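Undergrad: Listed here are the chains, written in short residue letters.
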Amino acid sequence: MTAVNRVVEGMPIVAARLDPESAEWLRVLGGVGRQREAALARLHAMLLRIAQAEARRRGPRLRITGPELEDLAYQAAADALLAITAKLSQFRGESRFTTWAYKFVILEVSAKIGRHFWRRPDVPLYAEDWDRLPGRFGFEPAQQSEWRDLLAALCRAVETELTPRQREVFVAIVLNGVPLDALAVRLGSNRNALYKMMFDARRKLRAALAANGYLDHHTPGRS
Amino acid sequence: MNGWQALDRFLRTDPRDVGCAEAMEMLHVYVDLVASGAPAEQQYPGIDAHLRACGPCGEDFEALLAAVRDTAD
Chain F
1 MTAVNRVVEG MPIVAARLDP ESAEWLRVLG GVGRQREAAL ARLHAMLLRI AQAEARRRGP
61 RLRITGPELE DLAYQAAADA LLAITAKLSQ FRGESRFTTW AYKFVILEVS AKIGRHFWRR
121 PDVPLYAEDW DRLPGRFGFE PAQQSEWRDL LAALCRAVET ELTPRQREVF VAIVLNGVPL
181 DALAVRLGSN RNALYKMMFD ARRKLRAALA ANGYLDHHTP GRS
Chain D
1 MNGWQALDRF LRTDPRDVGC AEAMEMLHVY VDLVASGAPA EQQYPGIDAH LRACGPCGED
61 FEALLAAVRD TAD
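First to last, the protein sequences are chains F and D.
At position 144 of the first sequence the residue is numbered 144 (the numbering used here), and the sequence of numbers has no breaks.
At position 14 of the second sequence the residue is numbered 14 (the numbering used here), and the sequence of numbers has no breaks.
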């Protein structure tokens, strides 16, 4: 009988036999003494390299540079290593060990950059400057006659179709360009909850625009 | 991409979309499939739909895939 860990999207996830490299990581990290210390140092170096690369890639967009960026990468690598060692028993062999471990450091970098966002003093959260809306979607001022009615209908739909909370989140993300992770930090929420809220808001807005002939109803499929 | 296309894309929702929590829970499995050339999007269409629609999760996916490929070199 095959041991099934869990079912995701109707697909049974089966713990495969560990590849030799993953098995070796588990063996040394689960042990004691010098071998474990050496493995921890090696893993930390790998995590740090990834954190540095990812922080450098994302940092400039968020105006984080220099020592601050380096510090963020070191903290992300250290926190990821702690989480990995604490959750070692949860590794089920569904992927290579290193891929599972790298996920921790990537998510740490994301979370730390989200928290860092609020060090900027100039970020409006709920300011409703609707004149920004055309630019957010790349509508050209020269073609205003073509999109004016569409965006007016979108504004009306935001007003009439969304709940107050959905409207706040729409304004923060769409009008004010607040990243989802940063907004989650500010609202004491999480990425998943805000995404679901926006998912429902997007569905309502599309339905309203489609009902008024501005957009087609969406047929699920790949673009 | 013009404004109409950008707005259309923004408002498009896929009922198969599994959301951030499930996509992130399975991200390492999905990335290993992609890195090995397996048809991950066919095996996990709900995760594929999510990663296409969610900017932060899509960015984490690209970052993890890059990390796996870079360290494999």
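Among these hints, one or two may not hold up.
Claimed, not checked - Computed, partial: chain F to chain D, Cβ under 7 Å:
hint, residue
1, E9
2, L29
3, Q52
4, R92
5, E94
6, T99
7, G138
8, C155
9, D181
10, R186
11, L187
12, N192
Keep in mind the hints are simulated off the structure, nothing from the lab.
Treat the numbers as computed from the prediction; the structure is a model and nothing was measured.
We treat Cβ as the ideally placed atom computed from N, Cα and C, and that holds for glycine.
Undergrad: Let me know if the C-beta of N192(F) comes in closer than 7 Å to any C-beta of chain D, holds or violated.
TA: 4 Å, holds
Undergrad: Using 7 Å as the Cβ threshold, decide whether R92(F) counts as touching chain D.
TA: Violated: closest Cβ of chain D sits about 10 Å from R92(F), beyond 7 Å.
Undergrad: Does the interface hint hold: is E9(F) within less than 7 Å of chain D, judged Cβ to Cβ?
TA: Hint holds; E9(F) Cβ to chain D Cβ min 5 Å, cut 7 Å.
Undergrad: Tell me if the interface restraint on Q52(F) is satisfied: Cβ within less than 7 Å of some Cβ in chain D.
TA: Since chain D brings no Cβ nearer than about 11 Å to Q52(F), farther than 7 Å, the hint is violated.
Undergrad: Checking hints one by one. Is D181(F) an interface residue toward chain D, by the C-beta closer than 7 Å rule?
TA: 6 Å, holds
Undergrad: Given L29(F) as an interface hint, is the shortest Cβ-Cβ distance to chain D below 7 Å?
TA: Constraint on L29(F) not satisfied, violated at 16 Å.
Undergrad: Does R186(F) meet its interface restraint, that is, does its C-beta lie within less than 7 Å of any C-beta in chain D?
TA: 15 Å, violated
Undergrad: Quick check on the hint: L187(F) CB to chain D CB, less than 7 Å?
TA: Not OK, violated: L187(F) not within 7 Å of chain D, min 15 Å.
Undergrad: Quick check on E94(F) please, does its C-beta sit within 7 Å of some C-beta on chain D?
TA: Cβ of E94(F) sits 5 Å from chain D, so the hint holds.
Undergrad: Quick check on the hint: C155(F) CB to chain D CB, less than 7 Å?
TA: 12 Å, violated
Undergrad: Does G138(F) pass the interface check with chain D, least Cβ-Cβ distance below 7 Å?
TA: 5 Å, holds
Undergrad: Against chain D, run the beta carbon of T99(F) and see if the smallest gap drops under 7 Å.
TA: OK, holds: T99(F) within 7 Å of chain D, min 5 Å.
Figure legend: structure checked against the earlier numbered hints; hints not met, in rising order: 2, 3, 4, 8, 10, 11.
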